[in-house]
Amino acid sequence: MKGIADTEIATLEMAKSIGLSTEEFNHVCRKLERKPNYAELGIFSAMFSEHCSYKSSRRFFKRFPTTGPRVLQGPGENAGVLSIGEGWAVAFKMESHNHPSFIEPYQGAATGVGGILRDVFTMGARPIASMNALSFGAFDVEKARFIVRGVVKGIGDYGNCVGVPTVGGQTFFHSCYNRNPLVNAFTLGVLREDKIFLGAASGIGNILVYTGSKTGRDGVHGATMASKEFSTDKEPDRPTVQVGDPFTEKLLLEATLEAMNLGLIVGIQDMGAAGLTSSSFEMAYRANNGLEVELDKVPMRESGMSAYELLLSESQERMLLVTEPSRWDALKAVFEKWDLHAEIIGKVVEGSRVKMTFHGEQVVDVPVDLVTDPPMAERPKQTPGDIKQRWFIDRNRIILAPLDQKFNAVFEDVSFADPSRLVEQYDSMVGNRTEGGTFDDGAVVRVRDCTTKTLKLVMSADCNPRVCWLSPREGGRRAVAESAINVAVRGAEPIGITDCLNFGSPENPEVMWQFEEAIEGISEACEALKIPVVSGNVSFYNETDGKPIYPTPMIGMVGLMEGEDRLMQSAFFNTQLEVGVIGPLEGGLGGSVLAHNWFKRDCGKPDDTDMSAVERTVKFCQRLRKKRFQVALHDISDGGLVSALMEMNFRAKFKETGIEITVPQQTDVDQFLFGETCPRLLVAYDPTERTEIETLANGAGVKFHPIGQTTDRSRLTILQGGAKILDLDAVTLKNKWKEKWTALFE
Amino acid sequence: MKAAVITFPGSNCDDDLVYALSKVGGFEIAKLWHKDETDLSSFDLVGLPGGFSYGDYLRCGAIAALSPIMQKVKEFANKGGYVIGMCNGFQMLCELGLLPGALAKNESLSFVCRDVSMKVTSVKTPWSTDLKEGETISLPIAHGDGRYIISEDEYQQMLNQGQIVLQYIAENGKESPNGSVHAIAGVCNREKNVFGLMPHPERATDMRSKDGLKIWTSVVKAIGEKSA
Amino acid sequence: MKTRVTIFYKDSVFDPQGNTLANSLRRVGFVKVKGVRVGKVIDVEMDAANKEEARRDLQKMCEQLLANPVIESFKYEVIEG
Amino acid sequence: MKTRVTIFYKDSVFDPQGNTLANSLRRVGFVKVKGVRVGKVIDVEMDAANKEEARRDLQKMCEQLLANPVIESFKYEVIEG
Ligand SMILES: Nc1ncnc2c1ncn2[C@@H]1O[C@H](COP(=O)(O)OP(=O)(O)O)[C@@H](O)[C@H]1O
Ligand SMILES: [Mg+2]
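Protein chains in written order, with our numbering: chain A, 1 to 746; chain B, 1 to 228; chain C, 1 to 81; chain D, 1 to 81.
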């Protein structure tokens, strides 16, 4: 609100107009033993927002398994940290930038990448790989073009410029995201185990230093906005869009890592959501100290800014750090080398209050924990009344239809497409760490920084929103299972996850039900695989006019492998391979792509993932790699076996590759070809190796059935009882698959 | 042999270049900062790395071309020293005037990163003796502004002088991935001691393709011959 | 008819490119530079019946395609009839 | 002092952005559009003693940094003293 002085005593009306509830306002007044002034009110409004406070979600996080022998830092810091051996560790996290990307796709996505990079390098890690998981509305080229292009270009321009390769991700189209696209960005960095930096303002008498870009009025109240739903009839109050400056980010990255290396930093945190407010209060909170801040010292880009604006600005590429006074000159010199300005804006003091002055007046004086421990919200939950209807699937209408129609229903799905035109806009190789075969299942990045042993990281981001809507618990479970398998098919051991939980409004009891179920599913799956959740993010209020998105608990999985051997890839590597299924021959149609496109709605009850089978499958893949078999491996997920086969075929280097498979006896054709039960894999190998693979499968306790072979006839042929039930030209199919997304970018 | 790799604000392939050179072997590598005004005459090779110097703001490589160290690079090159610029480094060399032509926005208007095939047009340069004329090699590209522009007359002249080192091979019906005149991927100056190219030979020494190595072994040989 | 559209970020929106350029200009000796804003200029050649019509079209083009109203502001003019 | 520099590709250089914009404009109905060229506009705010000095500085800035003579041409003007 313009024209209100920082020191004006706040009223309930003011509080409500910036998003605080009556109870929250009263809580503040009671604890403060007075009414806050306007600047203080801004702090509470931002920090009590869903986005910053996690007030609806925090109590559920207890469910997550967060410990394990590799965990060096679990949830609660800017990023989670896992040990990878040899004294090295990885820090990673995923974060959403959904609302900003809807308002301005390019800048919204770009600043999302900037934010997650800062979260990782503030831990002391050099970012070496990013992924992004994107969910867009129905594929209507004219409407989708603006947003898809903007988002992709925003991610590319930012990540490319900073020089962190984008090596993976997920792209999904569905009408539930028509007005709420999701942009989830993941970054992983490497660091030494004993050089982890935390966001704590430790050491009484230490100085508080501001560096990076100057503060403008951009994004004042961004956090509150991310905690509201959109409505179509009313233009929301839009804060000034934040513009990303990847060049300054790169300077900040280098300067920060250099300063850390020289031992010049005690604690550090980026100014993300709720800017200076959240960074200062959180740093004070983590160290159990107080802070004194002189707001006049904050470098400003615009004139006439108020304390309120300085506190709530979300200008990008800014850092807050704490150091010893004796290090100041050296620290300043490092930042100046990188053309960055650093300024002392305050100091660490005893006690538990943050006090701030502006123009000689005290404008803020509040207890730290009053800001960082906001009242939690108890949200009611309720199972959707129509869940049974959602589970109904009219099998007869599928069974009786001709196979080619069913095939088309799956083939034509827009999410089944060659991602090249999109991913080629990302520099996937900068840093010289990326192995070939990126963008095919898990991405492989070499930890070149470790010279004593060859360590490779494999990453994958996964979530199947259709399954999540039909059964959020299975959705959560399957997101973990699928990402684990994506990592395993490259031969790695899954070691930990980060999550990005995208949901509708927590005030909707059905959304809260989805949320709790999804967390349960994720937790079950992690327990079964013995892997921890080390970081994450929640994005609520992804809904427009009361219509929530499908629950989308995105999982970022990290796997580890050692040694210098041949990589397992998913492409057929010659035309005389045998192909087999690992896992059950049939999969369920509930929540499948076939059901979606056939009935024009998502339906059916997704099969529960057998987590012990997932664990065995992961082991099987690792053994395959250890035995140095040359195989192509690919998981069966969206679109079933047929889609997986085509992908293996289309990714093959040689044009004429074809495939011929036979539906095994007593097997339901639809469930064989289009079922999506997890875990199922395809494996292709030289026929002479069949018995050994069989032995390995038996030993690992996974099922294995040969179903066909690759050919040099460039046809996709499916036989049943000796008769061809489908026989299509693979080159035509491949060209269509390649061209599907082209129009989005022209 | 001594190699200097210069870091500009926003360079992000400087470490990749250091890695590649260490892979090639035999180099003592110094990382220099763009504000250094070190005399370069003790070096055998100077590398201008890829990346986004100054965020690629205004024009790629334009602001970096005004960095203090660039006068030293010019002196070094004018005395016959070997200078290579990859991607952003190539853009800087054109902006500096050490190489002819200029690099403009890709015709597709998109950034493009992938492995591409190119043909070796001239082996009569210190950078390409280990390659075979007409041979096809694969190197990664990753750029948004790689459309090389030069007049037809200059092109002919450069071709005759053996200055056109690499040219993209048509793929998917497109003559080049960026719209370069005559699909040019890399060029030398008239004296051949300065080489600029959009592809990344420093990203092709081990994992993806090893074709980049030959560029480095070529110049190592040239350095050896020069000092012999 | 020759027309020209100029588009800049709105004044309230940070212009990183202009900022970096201003710093660079000062560094290479143009110390009197106080600030720089970088925008786009789009020259549109069209067959309009008259200036009025041209302006009407330009307004629509800017709104629909040329400018992004969330962060940019635009101006247009007919340069030559 | 407010000054403005405009920079375009030379006519001999293909302008893909202008080309794409012209096609898009025609596609969405502005059929009278004959051609589009896209350039950069750089507004430089400076403390020059007078217009003469400003112009001298602008000329130097363009030559040294703002434009690349191989592919671009530039113009500058003092907008407001
Ligand atoms: N869904 C989640 N699962 C696990 N940890 C979470 C989750 N959501 C948030 N966290 C943790 O809570 C902390 C605060 O998260 P967040 O507010 O997103 O960070 P930031 O302040 O950088 O935006 C982080 O350490 C994050 O890892
Ligand atoms: Mg953070």
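Everything labelled a hint here was simulated from the structure, so no lab data went into it. This structure is a prediction, so every number in the text was calculated from the model and none was measured. It is possible that some hints are incorrect.
Which chain B residues stay away from chain D? Per the calculated CB distances, all over 10 angstroms, these [claimed, not checked]:
#: 1; residue: R59
#: 2; residue: A62
#: 3; residue: A104
#: 4; residue: K105
#: 5; residue: V120
#: 6; residue: G162
#: 7; residue: K226
Under the rule of at most 27 angstroms between Cα atoms (straight-line distance), these lysine-lysine pairs were calculated in the DSSO-like manner [claimed, not checked]:
#: 8; chain 1: D; residue 1: K34; chain 2: C; residue 2: K34
#: 9; chain 1: D; residue 1: K10; chain 2: C; residue 2: K40
#: 10; chain 1: C; residue 1: K34; chain 2: D; residue 2: K51
#: 11; chain 1: C; residue 1: K32; chain 2: D; residue 2: K40
#: 12; chain 1: A; residue 1: K143; chain 2: D; residue 2: K60
#: 13; chain 1: A; residue 1: K453; chain 2: A; residue 2: K600
For every residue, glycine included, the Cβ atom is placed at its ideal position computed from N, Cα and C.
Structure-based check of each hint:
| no. | hint | verdict |
| --- | --- | --- |
| 1 | R59 | violated, 6 angstroms |
| 2 | A62 | violated, 6 angstroms |
| 3 | A104 | violated, 6 angstroms |
| 4 | K105 | violated, 7 angstroms |
| 5 | V120 | holds, 26 angstroms |
| 6 | G162 | holds, 22 angstroms |
| 7 | K226 | holds, 30 angstroms |
| 8 | D/K34 x C/K34 | violated, 39 angstroms |
| 9 | D/K10 x C/K40 | holds, 16 angstroms |
| 10 | C/K34 x D/K51 | holds, 16 angstroms |
| 11 | C/K32 x D/K40 | holds, 22 angstroms |
| 12 | A/K143 x D/K60 | violated, 45 angstroms |
| 13 | A/K453 x A/K600 | violated, 52 angstroms |
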